[in-house]
Amino acid sequence: MDLLFVLLINGLATGMLIFLLAAGLTLIFGLMDVLNFAHGGLFIWGAYSGVWMYHVTNSFTVGIAAAIVTGLVIGLVTEKVIIRPVYGNHIQQILITLGFMLVLQELIKVVFGPSQKAVAPPAFLEGSFMVGDIVLIKYRLFIILIGLVVFFVFAYIFKQTRIGLIVRAGVMNKEMVQSLGINIKLVFMVVFMVGAALAALSGILHAPYSGVIYAEMGLEFSILAFIVVIIGGMGSFKGSLVAALLVGCMQAFMAYYVPSLSLATNMLLMVIVLVFRPQGLFPVKG
Amino acid sequence: MLRHMNKGTVIYLLMFLLLTLLPLVVTGRSMQFILIQIFVFGIFAMSYDLLLGYTGIISFGHVMFFGIGAYSTAIMFDRFEPTVGYLVLAVIVGVVLAGIVSFIAGILTLRLKSHYYAMLTLALAGLFLVAAEKWTSFTGGNDGFTFGLPDILRDSNMIYLLCLISLALLFFGLRRLTASPFGKVLMAIRENEQRVESLGYHVLHYKVVASVVSGVVAAYAGVLYIISLRFVDTSVFATDFTIDVLLMTIIGGVGTLIGPLIGAGLVEFAHHWLSGLADVHWIFERWIILYGTVYILVVIFFPLGIVGTIRAKLTRHPLRKRNDLKGVGS
Amino acid sequence: MNSLLKLNQVEAYINQYHILHNISFDVREGEVNVLLGRNGAGKTTTLRTIMGLNSVSKGTITYEGENIANEKPHIIANKGIGLVPEDQGIFADLTVGENMSVAMKQENAESTKRLEWVLELFPDLKKFWRKPGGQLSGGQKQMLAIARAYVNENELLLIDEPSKGLAPVVVEKVTESIQQMKDQTTILLVEQNFLMASQIGDRFFIIDNGETVHHGEMEALKTDKAMMKTYLGIS
Ligand SMILES: Nc1ncnc2c1ncn2[C@@H]1O[C@H](COP(=O)(O)OP(=O)(O)O)[C@@H](O)[C@H]1O
Ligand SMILES: [Mg+2]
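Protein chains in written order, with this note's numbering: chain X, 1242 to 1527; chain Z, 107 to 436; chain S, 7 to 241.
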């Protein structure tokens, strides 16, 4: 029982990190019809720049802020330089973002060095509580908390603000949004930057959780995010949360019981969804 | 006989003949090995071109067919005997398996948007990689295993010839296929799928056939690859190969067949030289940056690739200038 | 009378297909101008091209004296042109209310008053205010699409086949609403339902194979059986 609970907490924490990555991916896909294979690059840049700042200033909060700023800046550059020239062309987008992913990944090694870096959680998040017999690791709860906060803030924005409505409308029908006098390019840019910032946030939060960071983890982790986007339904924000928690828990339980097959089970899950419900669990109506 | 061929065919034939004679001049082991790799990856890249360049389908797991061919050959030689008979059997097994897998992947996702095929193939390739890692009794896991070759292939010149002849045959075969009415339909699908569908063609059938042919050819490339190495490990399922072959196709020129061959040559030589330059300056150790950058620039500025760009310049046909990648899969 | 919108020898492509070959017409201020023509003649493409959703390869589109050809759609929309597209373009997962909010360029006392007026015109929308747009009936969707165009003070409305697929009673309702708008804005209407078109139209243009082949007063067309037969397939 305790074990199950611990695994569940692990799964939810992993799931929340995947959610942060997948949320941006799914929004960018839903709104701009762009499958951004460079998304994992934003994740590692968030992790490295955030950790660097965290180590320099000794403040994790500053580290998180730095990661978010990095995400916004790289997101802006990516949208303007990499994505703009290839809007409306899936194949070129896939190709170009894949190339950019490689560049981002290798640049990490150039800027921060090729070796892994160890990262510990900040003092105030270190350690654990006991509730009954159950050990609750603080940092994991912290990740779950942040994930929930992000989800609810965004859910509020989507429901209650004009920009949120425009984004949702844009996911369904871009041309109509433009015909109603809204500059969709501007909306694209904002969403892309926000999505990039979420990926970077996921990266910095992931760093103390896994204890080490390395350049290749971007691609590894983003594959999980892609799986989530497909399972949840491309373009669905809510779907990305549900699917991320599902994949996170699957990952945690499999990693404990059959560690060698954890990624494979998630891949299998995606294959099953692709076969039986290709529009995902929460399809977005066009 | 020559009278019935067009000029292009004659030139290509002459080039292949020249390459046959090359081992007489080039005796260096490593140079010969690079050439073999170019032939192997040339075949692999042509198979990718049939998918991406001619039909407008993008696969992120193309390496799985390559790996299927590689493992079926290696296991056949390892389990049974390294003879020509088993080689033929291995080719048959590899090709049939690859055909089945690509058929299933195609039937499942080719009716959907292009991302789905990309993602499904990525996932399937991942599953094959895991299977190869875990099924150690068969595959030797991550450590891999070495195996013997049929007597006739002990001489590396013979491997060279085998790869070259295979390349030539497949090149002319695929060229014929793409110039046939079937190939014309594929290209029409790439340009405007709905249009082709509305003309009464069963688009899905065409795409699935393209995907199967492409998978089969890639599996054959895997067979040759593994013969040239005499060693197999799980890296034959690694995504890196898919990315390599994508790059070769794009740089050389999608939808040209000859382009991917040129791309294979460039990328293989670049691999060789750039990693050799690592001692000169550390940046060359990070040569993937250059690689990625070149690739991005090509996608933005030369979406037709080398061959496509040259052809567009030569013919100045206004429609050819609209780059071949544009308008695909929207 | 003043010309509000003028298309001069407009040509347009969709992908590589040459769809509009030569579209020229003049929309006069304050009138209902009807675009007629067979299915596939290029009427929808013409409206989309005016809206900037389709690029112009040759020719000019002059709106209030300014060439808006190849201008971005949102800029064209903000000049006071509203579109009710053929497929209605309802945001299916957004409620009726949310659909209206996306359309409203500003929210102040005046726009609220206008919204109330629009809702009086289409009481159904008020009734289903919280219902997702995708769950409305065909007629209600059409009304929502029209309401979104009415809620801003547009000078020109482009309305694409509002009667398509609707029951006769609903068509009457839609016709009535367009007549109500007539006093306030200029309308360019695509309509296959000749009865409806002739009821509200002042002038007509006929498009055939991507070319404007005829134009004139609606009254004259009603009696011109030969022209109707040749271009509209009505006998
Ligand atoms: N996406 C498209 N690709 C190719 N041809 C198209 C496309 N959309 C419309 N067309 C063609 O453009 C022509 C004009 O279409 P349209 O403007 O919708 O006609 P109408 O509204 O008068 O019925 C038709 O022949 C149609 O087949
Ligand atoms: Mg129409």
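Bear in mind the hints are in silico, worked out from the structure with no lab data behind them.
Just to be clear, a hint being listed does not mean it is correct.
[As the list claims (entries may be wrong)] Taking lysine to aspartate or glutamate and the EDC-like style, the derived pairs with C-alpha atoms no more than 20 Å apart in a straight line are: (1) 1400(X) x 99(S); (2) 1426(X) x 161(S); (3) 1415(X) x 214(S); (4) 12(S) x 230(S); (5) 119(S) x 161(S); (6) 1415(X) x 32(S); (7) 78(S) x 1416(X); (8) 1379(X) x 385(Z); (9) 1350(X) x 303(Z); (10) 219(Z) x 1461(X); (11) 12(S) x 77(S); (12) 85(S) x 1274(X); (13) 1400(X) x 113(S); (14) 111(S) x 1274(X); (15) 1415(X) x 77(S); (16) 1479(X) x 99(S); (17) 240(Z) x 1274(X); (18) 132(S) x 92(S); (19) 1415(X) x 122(S); (20) 137(S) x 161(S); (21) 219(Z) x 239(Z).
Hints and how they fare:
Taking the CA atoms of residue 1400(X) and residue 99(S), the gap is near 11 Å; set against the 20 Å cutoff, the hint holds. For the suggested pair residue 1426(X) and residue 161(S), the alpha carbons sit about 25 Å apart, so the restraint of at most 20 Å is broken. Restraint check for residue 1415(X) and residue 214(S): not satisfied, since their Cα atoms lie roughly 29 Å apart, outside the 20 Å limit. Under the criterion of a C-alpha separation no larger than 20 Å, the hint pairing residue 12(S) with residue 230(S) is inconsistent with the structure, at around 25 Å.
Note on residue 119(S) and residue 161(S): the hinted pairing holds, with a Cα-Cα distance of about 18 Å set against a maximum of 20 Å. For the hint linking residue 1415(X) to residue 32(S), the alpha-carbon distance of about 29 Å lies beyond 20 Å, and the restraint is violated. Of the supplied pair hints, the one linking residue 78(S) and residue 1416(X) holds, its CA atoms being roughly 11 Å apart against a limit of 20 Å. Using a Cα cut-off of 20 Å, the hinted pair residue 1379(X) and residue 385(Z) is violated, with the two alpha carbons roughly 46 Å apart.
Distance hint between residue 1350(X) and residue 303(Z) is unfulfilled; the C-alpha atoms sit about 48 Å from each other, more than 20 Å. Restraint check for residue 219(Z) and residue 1461(X): not satisfied, since their Cα atoms lie roughly 24 Å apart, outside the 20 Å limit. Of the supplied pair hints, the one linking residue 12(S) and residue 77(S) holds, its CA atoms being roughly 15 Å apart against a limit of 20 Å. Distance restraint check for residue 85(S) and residue 1274(X): the Cα-Cα separation of roughly 28 Å exceeds the 20 Å cut-off, and the hinted pair is therefore not satisfied.
Among the hinted pairs, residue 1400(X) with residue 113(S) is consistent with the structure: their alpha-carbon atoms are about 17 Å apart, no more than 20 Å. Pair hint residue 111(S) plus residue 1274(X) does not hold up; C-alpha atoms about 25 Å apart against a cutoff of 20 Å. Between residue 1415(X) and residue 77(S) the CA atoms are separated by roughly 17 Å; this keeps the pair inside 20 Å, and the hint holds. Restraint check for residue 1479(X) and residue 99(S): satisfied, since their Cα atoms lie roughly 13 Å apart, inside the 20 Å limit.
Note on residue 240(Z) and residue 1274(X): the hinted pairing is violated, with a Cα-Cα distance of about 37 Å set against a maximum of 20 Å. Of the pairs offered as hints, the one joining residue 132(S) and residue 92(S) is violated, with about 23 Å between alpha carbons and a cut-off of 20 Å exceeded. For the hint linking residue 1415(X) to residue 122(S), the alpha-carbon distance of about 27 Å lies beyond 20 Å, and the restraint is violated. A hinted pair counts as satisfied when its Cα atoms are at most 20 Å apart, and residue 137(S) with residue 161(S) does not qualify at roughly 30 Å.
A C-alpha spacing of about 31 Å is found between residue 219(Z) and residue 239(Z), which places the hinted pair above 20 Å, so the restraint is violated.
Checked against the numbered hints listed earlier, the structure breaks hints 2, 3, 4, 6, 8, 9, 10, 12, 14, 17, 18, 19, 20, 21; every other hint is satisfied.
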